[in-house]
Amino acid sequence: MSGKMNRRSFLKVMGWSSAGAALTGCDMPTTITLEEGKEEVMSYLMPEEYVIPGVGVWYASTCTQCAAGCGIHGRVREGRVLKLEGNPDTAVNNGKLCMMGQAGVQGHYNPDRITTPMVRSGGSLTPVTWHKALGLLEEKLGAISGDRFAWFTGTVSGHQSVLLANHLDAMGSTNHYVHEVVNNAVSRAVNQDMLGEANPRLRLDKAKMIVSFGADFMGASQSPVQYAGQYAKFRTNKERGLLVQIESKMSLTGGSADLWLAIKPGTEAVLALGMANLLLNKIRVSDAGIPSDVRTLINNYDITKVAQITGVAGHRIQRVTQLLSERSPSLVLAGANVEGQAQGYAATATIMMLNHILGNVGKTIESAGEFPFPQLVAKQGGTADLVAFAEAAKAKNLDAVIFHGSNPVYSAPKSLGLAEAMSSIGFKVAISQFPDETTMAADLVLPVDSYLEDWGTQVPADQAEASAIHVQQPLMEKLNAETKGLGDILLTLLKQRRKDEYGQFEDYYAYLRNAFVAMPTSVKNDAKNNDEFWNAALQTGVIKVDAGAKNLQSTVVSVTAPVVDDSAGLTLMPSPRLGLFDGRHANLPWLQEAPDQISKVVWDSWVEMHPDTAAKMGIGNLDLVKVSSAQGSVTLRVVLLKGMHADAVAIPLGQGHEAHGRYAKGLGVNPLQILDATTDNKTGELAMYSTRVTVKRVGPADSLSIVRMGTGAGDSQVGRKLVGTVPVEQVRRTEGT
Amino acid sequence: MSLDNILNHWSDYRKGAEEGGHHDYEHRWAMAINLDLCIGCNACSTACYAENNLAVVGKEKFEKGQAMHWMRIERYWDQQELEHPEQGASFLPMMCQQCGAATCEPVCPVAATYHTPDGLNAQVYNRCIGSRYCSNNCPFRVRYFNFYSYYESSWPEPMEQQLNPDISVRDKGVMEKCTFCMQRIRTVKDKAFMEDRKVKDGEVVPACAQSCPTSAIVFGDTMDDGSMVSKLWKKHQVERGIYQKTKLAKKDADLRGYRIFEELNVDPSVMYLERVREDI
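Protein chains in written order, with the working numbering: chain A, 936 to 1672; chain B, -12 to 267.
Since the hints were derived computationally from the structure, they do not count as laboratory data. Since the structure is predicted, the reported quantities are computational estimates derived from the model, not experimental observations. Hints are supplied without guarantee of correctness; some may be wrong.
Claimed, not checked - Straight line, CA to CA, 25 Å or less: simulated SDA-like cross-link-like pairs of lysine to any residue: (1) A:K1168 - B:F127; (2) A:K1067 - A:T1427; (3) A:K1535 - A:T1613; (4) B:K51 - A:V1653; (5) A:K1600 - A:S1651; (6) A:K1600 - B:M146; (7) A:K1600 - B:P143; (8) B:K176 - B:I267; (9) B:K46 - A:R1632; (10) A:K1656 - B:T90; (11) A:K1600 - B:K48; (12) A:K1075 - A:K1485; (13) A:K1314 - A:G1596; (14) A:K1656 - B:F127; (15) A:K1535 - B:N123; (16) B:K187 - A:K1430; (17) B:K222 - A:T1475; (18) A:K1535 - A:A1399; (19) B:K222 - A:A1471; (20) A:K1561 - A:A1581; (21) A:K1485 - A:A1399; (22) A:K1217 - B:M146; (23) A:K1298 - A:Q1310; (24) A:K1535 - A:G1553; (25) B:K218 - A:R1597; (26) B:K222 - A:R1655.
Kindly produce the complete structure, drawing on both the sequences and the hints.
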């Protein structure tokens, strides 16, 4: 339906306001704006022929709720966007969308959105006009150049990323801090060294068996919808895929495993070495390409020793390893709990080595090719930049910082001292949609459009089979007249510095259209002219690009022997969930009210413990406990969960906001605050999964203070056939799979 | 549906269309949910909130069981005797099963809940007086009562702009539940009528099935023999209106298809496919 729609006329009917003026520059004959009231506004009683009151029309755009960059279709009716669905034309999500994507409309229509620029005066933020705000920005940034200026963002890609890089260049700075709490930075470093590509294409759908060391690929991962789609194929293949999940805290993915094994936190690399030992020495798989020092290391880890260190039964290790050697190709994955160790790089590399030994590289791990527009490729973040940023701030090396799409004041552990160091940054600008912690600490706040009001392009870091640029376009008129698009703000900043180069672009829309027109014909398919290409890109929401074919290298890097902390104590898993994610979605009530997938708690924080561990400490279900690390403590309720290793406790991320609007503020606790500032020695990433904590009971159980969905009868099916289970052999017989 | 009518036609009413029951169906919408693909991620549930104007009730009212999640994911732990759940969790998407012989229908004193020619169990909001008998009688606990008016609390300005204008926002005192996205069915049926053709398989997709990242939910018309859902029901020998005893004798017991609480003979329109587990 959208294919027949003329987009410009559509905008006209909607009474395009601020961007309307810009459209004149693009052959738009007349522009009607409600504010100007110059011409009669079209009534819905006499709609243009293609607008039927009461009939929704779907427009393509791109989701930015996480960095995965899924394509979306937004249902627009009477000028309002009502519902989001996956765009079937984008290979990344194939028409599907996760709960965070579904809740995108709640961010757009959020009652706590920032609606006007604000400047700090006398300690509080007071509204100012854009004119004043931009004047102040020009004055402050004009006095600074070089590395004393910085950008601090979440993952950025596409043309916004190009403008941002150019702005940094114009400022003479090289400081772009990219921070994501939920990241795979260590894996990227390992992949780069072992495979020659940071983001190879994972093919879960081609694997006959997956062994995941805590990789929550269907939950809080880099592309949850994509991997869930691949998982569905993995399970429905002629030979049904087998999933073994080995972790210290049951993740969403772990919930779907055929075999879930609890492992002592921090010993995953030991298990991988033990499995390598079995493969090489017992099953006699070739050890080609393994450096001699690693070969020696592997030989040191016999099954008895490994079982004793990891707490995983020897017969389990043997069976899983045996199956891995039989079911080829397989796939072995390392998750955030492995990456986030003090020796995260070495641990991740050790696990990835199993893919080399099993010959999976090139089969279930493919090259993503060479993306033809390197400047558009996603700049992915991690926590190393957060640490570096905190250091720079503490050393008073920064005079001005612009924040966007990241909330470091919330997500930095107290031990980094970032909250205090923020005051030593001369001028802090937040380009922000919500009054989150970082925004509230800023000196100048610029209200930004929601992603449903803004132009842009997104390039997913985890590309699916066909590489693509995803197009983001406004699905409706701005909700608040005073917000501006990120691209528009970037362009304004650039014009302040490089008028000659950027003066020709009236706004970001013009820039983007120009950039599309300038793209090589290879991506324009059969479009007869530039208009046709532009319209096609907006209609489908996707520009397919040919990333070519490449072969991955498969090398094994030297790894050191894993250091296992034998001291007694509990390891804290600050676990992100699909939903509130890293805390950015705590202001979306649908996600607050959606029960946690594993513990089924709503609107709260809680700590997950194994019943045996709790019993030893005299702690019962729903008791109030104090979880203390060397850096501080949090007080919250216990939820007993058998999907935990006895030496691990888990606190979900996302709550504990001191700001971020009415739905987020004052709920639960933020476990990130009490993490040690230990970093991985190779990559500098925060070792988020290495903090030791103690748990102490401070209050009795109180079922009213923590709310869970349907947890009667100990979550048992009590003999009823609610979720039926059949063994795979039976299905092979009846369904032939 | 007067009392006389109910008493006179009781046995007819309890029979499915297949056994000569009184229904004259146009469609019989149904689902097939593959639990081997359900990963419990909540995408369906959130999509349902977005599509169906479901109110967010907040922590306190959630605790009292007043949450409005028409589509919810239940999570069960099996093998509770083990130290760890070695088989993972068991996830169950649960929504109104649109029973063919629904226990909620005959108890409504005002016939606010009735059976549509589409085989759906519909709720007439304007007729509902809030007796909650239906909810009390539902074996699946999938009927949700508006104990309060949530308009102000759930959709503070400008959140109300997101509301789907195709369906109403229910007010206090009214029972509500999953409708199989009735508004989507109606749109498609209207379109097919205007184009003088039958509704095609796959044309109606409820919000939950649309969103599901693993495509675990298949929706369609069991009166259309060519539909995917019909094929799945047939393949797994799950039939409407066939009572438990007859069925067990006929059925290949090894097939994965089943309906929950089949022994109650409420004839649900949702077939689940058992989760497959490989014991290693």
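Okay, the hints, checked on the actual structure:
no., hint, verdict
1, A:K1168 - B:F127, "violated (31 Å)"
2, A:K1067 - A:T1427, "holds (13 Å)"
3, A:K1535 - A:T1613, "violated (31 Å)"
4, B:K51 - A:V1653, "holds (23 Å)"
5, A:K1600 - A:S1651, "violated (34 Å)"
6, A:K1600 - B:M146, "holds (18 Å)"
7, A:K1600 - B:P143, "holds (16 Å)"
8, B:K176 - B:I267, "violated (48 Å)"
9, B:K46 - A:R1632, "holds (24 Å)"
10, A:K1656 - B:T90, "holds (19 Å)"
11, A:K1600 - B:K48, "holds (19 Å)"
12, A:K1075 - A:K1485, "violated (47 Å)"
13, A:K1314 - A:G1596, "violated (28 Å)"
14, A:K1656 - B:F127, "holds (13 Å)"
15, A:K1535 - B:N123, "holds (24 Å)"
16, B:K187 - A:K1430, "violated (54 Å)"
17, B:K222 - A:T1475, "violated (37 Å)"
18, A:K1535 - A:A1399, "violated (31 Å)"
19, B:K222 - A:A1471, "violated (42 Å)"
20, A:K1561 - A:A1581, "holds (18 Å)"
21, A:K1485 - A:A1399, "holds (15 Å)"
22, A:K1217 - B:M146, "violated (62 Å)"
23, A:K1298 - A:Q1310, "violated (29 Å)"
24, A:K1535 - A:G1553, "holds (24 Å)"
25, B:K218 - A:R1597, "violated (48 Å)"
26, B:K222 - A:R1655, "holds (24 Å)"
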